[in-house]
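Take the sequences, apply the hints, and build the full model.
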Amino acid sequence: MTELFAETQDGVALAERDSLRRLGMMVFLASEAMLFAGMFTLYAAGRIRHPQAFADGVDHNLRWVGTANTYVLLTSSWCIAMAVVRLRSGSRRSALLLVSATMLLGLLFLGLKGYEYQWHLAEGDGPMAVARHDPGIALFMGLYWLMTGTHALHVIAGLIFLGYVAWRVAYRQANDRLLEVAAWYWHLVDLIWVFIWPLFYLLGRVSR
Amino acid sequence: MSRTPFGEQAITRVFLGLLALATTSLVLSSHDLGSGQLPVALGIACIKATLIALVFIGVALARPSHIIAVILAAVMSSAMIGLVIMDVMTR
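As you go down the protein sequences, you meet chains A and B in turn. By the numbering used here, the letter at position 79 of the first sequence is numbered 79, and the numbering carries on one by one without gaps. By the numbering used here, the letter at position 14 of the second sequence is numbered 222, and the numbering carries on one by one without gaps.
Hint data in this document are derived by calculation from the structure and do not stem from the laboratory. Quick reminder that beta carbons are idealized off the backbone N, C-alpha and C, glycines included. There's no promise every hint is true.
[What the hints assert, rightly or not] Simulated coverage check for chain A against chain B, where a stretch passes if three residues somewhere in it have a Cβ under 8 angstroms from a Cβ of chain B: (1) 28-34; (2) 70-78; (3) 100-110; (4) 181-190.
[What the hints assert, rightly or not] Only some residues are given here: those of chain A computed to face chain B with a beta carbon under 8 angstroms: (5) Ala37; (6) Arg49; (7) Thr67; (8) Ala81; (9) Met82; (10) Val85; (11) Arg88; (12) Val194; (13) Phe195; (14) Pro198; (15) Leu202; (16) Leu203.
Right, here's the structure in full:
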């Protein structure tokens with residue numbers, strides 16, 4: 001209750017500052033979701049016009065990598081959500097361990113993604129080679145590189161954000177609210193992958 | 209959050225639910241569901257996304273003024289995707 005009336009140096013009430021921080025992050029996350037919504041719209045239009053090519057493209061992708069990455073990201077989301085709860089209850093050390101686990105899982109995700117990109121490049125399906133395919137496959141592969149690449153950049157940004165917050169938490173310069181908004185960003189990265197996974201790895205021709 | 213945040217048990221239950229939904233998606237993708245394949249896969253993805261937003265991000269406990277941003281993004285995205293799909297399908 002005291003915190004409600006505590007004020008920062010510039011006179012803004014702490015509770016009000018936290019509320020504004022949350023609102024700002026919520027609006028930022030909404031704008032990020034809109035960015036990906038545009039790409040999902042492109043995917044929907046492409047899939048309607050080239051259903052067979054998109055199904056072939058999905059079958060060509062490494063399903064096990066997409067699936068493994070799904071479980072990796074879901075587990076990392078659980079870790080960071082638990083870290084927020086632990087920090088809120090005062091277990092700083094436990095929270096830091098969970099943030100570290102989240103970051104390790106994020107790196108594992110990027111490692112698997114890198115392996116998959118390497119595999120595509122070896123197959124001659126690099127981002128510069130998409131024009132060599134027929135229009136449907138070219139659109140699918142173009143969207144694959146665009147959407148998974150943008151998502152991977154968000155994972156990297158999330159790792160940097162989490163690393164910064166973990167450092168501040170470790171030196172007692174941040175409370176659970178800062179970790180909470182960093183966790184929201186990580187959950188958004190997970191939420192977007194929840195849609196990328198079926199669209200690029202599961203919805204093939206049901207040949208397996 | 210304006211109300212009591214979710215605890216460890218609730219978060220873990222939702223996590224297990226997400227794992228179960230992901231496994232369901234994976235298993236169903238190997239079965240021929242005909243024209244239902246896409247709606248089923250995206251329906252499960254929507255349920256997972258809703259759980260992540262409501263419990264992990266905590267939208268379920270957020271202030272109404274904060275929820276507006278989420279609702280607007282969802283409505284506008286759905287409108288954009290829906291209108292483009294209708295446009296492409298009716299050409």
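Each hint tested on the structure:
{"no.": "1", "hint": "28-34", "in the structure": "holds (count 5)"}
{"no.": "2", "hint": "70-78", "in the structure": "holds (count 6)"}
{"no.": "3", "hint": "100-110", "in the structure": "violated (count 0)"}
{"no.": "4", "hint": "181-190", "in the structure": "holds (count 5)"}
{"no.": "5", "hint": "Ala37", "in the structure": "holds (4 angstroms)"}
{"no.": "6", "hint": "Arg49", "in the structure": "holds (6 angstroms)"}
{"no.": "7", "hint": "Thr67", "in the structure": "holds (6 angstroms)"}
{"no.": "8", "hint": "Ala81", "in the structure": "holds (5 angstroms)"}
{"no.": "9", "hint": "Met82", "in the structure": "holds (6 angstroms)"}
{"no.": "10", "hint": "Val85", "in the structure": "holds (5 angstroms)"}
{"no.": "11", "hint": "Arg88", "in the structure": "holds (7 angstroms)"}
{"no.": "12", "hint": "Val194", "in the structure": "holds (5 angstroms)"}
{"no.": "13", "hint": "Phe195", "in the structure": "holds (5 angstroms)"}
{"no.": "14", "hint": "Pro198", "in the structure": "holds (4 angstroms)"}
{"no.": "15", "hint": "Leu202", "in the structure": "holds (4 angstroms)"}
{"no.": "16", "hint": "Leu203", "in the structure": "holds (6 angstroms)"}
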